Amino acid sequence: AQSVAQPEDQVNVAEGNPLTVKCTYSVSGNPYLFWYVQYPNRGLQFLLKYITGDNLVKGSYGFEAEFNKSQTSFHLKKPSALVSDSALYFCAVRWQDSNYQLIWGAGTKLIIKP
Amino acid sequence: DGGITQSPKYLFRKEGQNVTLSCEQNLNHDAMYWYRQDPGQGLRLIYYSQIVNDFQKGDIAEGYSVSREKKESFPLTVTSAQKNPTAFYLCASSPTSGREYEQYFGPGTRLTVT
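Going down the list, the sequences are from chains A and B.
Those letters in the first sequence? Residues 305 to 418, per the numbering used here, in order.
Those letters in the second sequence? Residues 3 to 116, per the numbering used here, in order.
Just chain B, same shape as in the assembly (with noise of 0.2 Å):
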């Protein structure tokens, strides 16, 4: 899993509830992104950041909100307006610069809403 930490490794909690989701990385990435996975729906991109104070929606990014305060971090909050939050949550790190474009992932959050 790198250099990228996510916790918790699971999180319950009930409708209504906002709920924020911690991913820490120590690789010196510029570039963090936010995944969420359903089963048989593969990786669908909610928002990235290409650099600090700075961020993007991806295709799903309504229902979510996010900060990049720091380098390192990227915290993903989940709101209630999210209609279905039930998922597994990926963060994942990416340089930039340079030949080495691949994306580097974080062991994911299982988030359960009920």
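Only chain A is shown next, with the shape it has when bound in the complex (with noise of 0.2 Å):
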């Protein structure tokens, strides 16, 4: 069975330390990956995606993910986290004959603090 896991429900960092949120995956096939984020009380805005390529990806806001093929991982980084950083986290998986549909993480809570 296809399956996404966001092995942690909250991520506290300190403003200006590296930010890493964690993904892993289940698929059949080749995977294609994407990282959503989510402020209260609004709809989910797109980071960035991997669908083939250069494992590392370059999204918005200086996020970046990288595809780890062997580990079946696409952890989202950042190198010097923003308070404005805090917000909701979801990973997401699309996978061959999937009918477009997306499977999805259940969310990290990513804390920034000062």
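The hints are simulated quantities; they were obtained by calculation from the structure and are not laboratory data.
Check each hint, because a few of them may be wrong.
[What the hints assert, rightly or not] The calculated lysine to aspartate or glutamate pairs, modelled on DMTMM-like cross-linking and capped at a C-alpha distance of 25 Å, are:
1. A:LYS413 x B:ASP40
2. B:LYS59 x B:GLU26
3. B:LYS59 x A:ASP401
4. B:LYS11 x A:ASP389
5. A:LYS353 x A:GLU368
6. A:LYS381 x A:GLU312
7. A:LYS353 x B:ASP32
8. A:LYS381 x A:GLU319
9. B:LYS73 x A:ASP401
10. B:LYS85 x B:ASP61
11. A:LYS413 x A:GLU370
12. A:LYS413 x A:ASP313
13. A:LYS353 x B:ASP61
14. B:LYS16 x B:ASP40
15. A:LYS373 x A:GLU312
16. A:LYS362 x A:ASP313
17. A:LYS413 x A:GLU319
18. B:LYS85 x B:ASP40
19. B:LYS16 x B:GLU64
20. A:LYS326 x B:ASP40
21. A:LYS417 x A:ASP389
Here the structure is a predicted model, which is why all the values come from computation and not from measurement.
Hints given; two lone chains; assemble the complex.
Written out as structure tokens, the structure is:
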């Protein structure tokens, strides 16, 4: 069965420090991987995606993610966290024959402390 | 929130009443989706539609109904058969061709049923 896991419900980081939000997946065939961010009472905003090619993907607001096929992971990273990065982050995956559907992780709440 | 609008932002209903949530997109996307979001559970797919006049049940379709009479519109009706309808509802759309695989989200509708 296809699945996505975000093992941490919450991640706390001090402002200015690097941050990592973890995501692992299990799908058949080649995955298409996505990260989204959600601010309170808002819809989801697309951050970045991996479809093919370079394993390091750069996205909006200084975020990047690294696709690791052997570890089936797609961790979200940022070199220097801002307080404004505090939000809920979702990892999602689309797989071959998915009819355009995405499977979603449960979300990770990122808290950046000043 | 891209070119997707959802109305209203907040909706209050009495138990036993049907209620319809609006979703309109001007992105010319073929596919549209309805998700339900509850705290700590990520996004769960209710219904999706890949083309006008066609739609499929998602993981939690019971107690919900949809229509897709126009490409731009995908309204969701929460019926009285839905046992626990209070939630945040998100509408999304995506293309079904090309290399743009991500879904675009509306701002959401928070439904409270008492």
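Hints, verified against the model:
{"no.": "1", "hint": "A:LYS413 x B:ASP40", "verdict": "holds, 14 Å"}
{"no.": "2", "hint": "B:LYS59 x B:GLU26", "verdict": "holds, 19 Å"}
{"no.": "3", "hint": "B:LYS59 x A:ASP401", "verdict": "holds, 16 Å"}
{"no.": "4", "hint": "B:LYS11 x A:ASP389", "verdict": "holds, 24 Å"}
{"no.": "5", "hint": "A:LYS353 x A:GLU368", "verdict": "holds, 9 Å"}
{"no.": "6", "hint": "A:LYS381 x A:GLU312", "verdict": "holds, 14 Å"}
{"no.": "7", "hint": "A:LYS353 x B:ASP32", "verdict": "holds, 20 Å"}
{"no.": "8", "hint": "A:LYS381 x A:GLU319", "verdict": "holds, 14 Å"}
{"no.": "9", "hint": "B:LYS73 x A:ASP401", "verdict": "holds, 23 Å"}
{"no.": "10", "hint": "B:LYS85 x B:ASP61", "verdict": "holds, 15 Å"}
{"no.": "11", "hint": "A:LYS413 x A:GLU370", "verdict": "holds, 20 Å"}
{"no.": "12", "hint": "A:LYS413 x A:ASP313", "verdict": "holds, 6 Å"}
{"no.": "13", "hint": "A:LYS353 x B:ASP61", "verdict": "holds, 24 Å"}
{"no.": "14", "hint": "B:LYS16 x B:ASP40", "verdict": "holds, 20 Å"}
{"no.": "15", "hint": "A:LYS373 x A:GLU312", "verdict": "holds, 20 Å"}
{"no.": "16", "hint": "A:LYS362 x A:ASP313", "verdict": "holds, 24 Å"}
{"no.": "17", "hint": "A:LYS413 x A:GLU319", "verdict": "holds, 15 Å"}
{"no.": "18", "hint": "B:LYS85 x B:ASP40", "verdict": "holds, 14 Å"}
{"no.": "19", "hint": "B:LYS16 x B:GLU64", "verdict": "holds, 19 Å"}
{"no.": "20", "hint": "A:LYS326 x B:ASP40", "verdict": "holds, 21 Å"}
{"no.": "21", "hint": "A:LYS417 x A:ASP389", "verdict": "holds, 10 Å"}
The structure agrees with every numbered hint stated previously.
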